[in-house]
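Novice: Given these sequences and hints, build the entire structure.
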Amino acid sequence: MRGWWLGLLLVFGAQAEEVLLTLKNGNGEPIRTFTRAQLTSLPQHHFRTITAWTQGSNSYEGPALEQVLQGTGAKRIAMTALNHYRYELDLRPFSSYPAILVMSENGKPLTRRNKGPLWLLLPFSDRPDLKTPENEAAMVWQLVTIEIIR
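Just so we're aligned, residue 1 is where the sequence shown starts under full-length UniProt numbering, counting upward by one.
The set of hints was computed from the structure by calculation and includes no laboratory data.
Where is the CB? At the ideal position from N, CA and C, for every residue including glycine.
Hints may contain errors.
Unchecked claim - Restraint ranges, calculated between C-beta atoms of paired labels, are given here:
no.: 1; residue 1: Pro-109; residue 2: Arg-150; range: 28 to 36 Å
no.: 2; residue 1: Asp-126; residue 2: Gln-55; range: 31 to 39 Å
no.: 3; residue 1: Pro-30; residue 2: Pro-128; range: 15 to 23 Å
To be verified - Listed next, the in silico DSS-like pairs over lysine-lysine satisfying Cα-Cα at most 27 Å (straight line):
no.: 4; residue 1: Lys-108; residue 2: Lys-131
no.: 5; residue 1: Lys-75; residue 2: Lys-108
no.: 6; residue 1: Lys-131; residue 2: Lys-75
Specialist: The structure is reproduced here in structure tokens:
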């Protein structure tokens, strides 16, 4: 009897890590998911920048958008946030921008309360030419889904 309870505790106690990001094909079908551990295992990039949504200069870190989309052949994507905000993005101009999927701000993991779990961000302070209304609209926070449109 004791072994049975122990087994039950192990089964229900071991929870799978939460999926932070889902990549979908043009039909809306999931093609790949990423947990925090999987995203952290990718090469991490960082920069300091000032944004319209935060106070002062902050340090941001996460994998490059390009790395997350590697192998998909994506040229245009639609990003969707937890609140269903959706933004379509032509990736061609972004191929020369160091866009990252921010996972941490000032060394602390992003949470849903502070724009997490993921936030697409550009280094606006290093590249003032990137600070355009179109690019700012593309900085989706609470990002949970990227759909490959083409």
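Novice: Which hint numbers does the structure go against, in order from smallest to largest?
Specialist: Failing hints, ascending: 2, 3 and 5.
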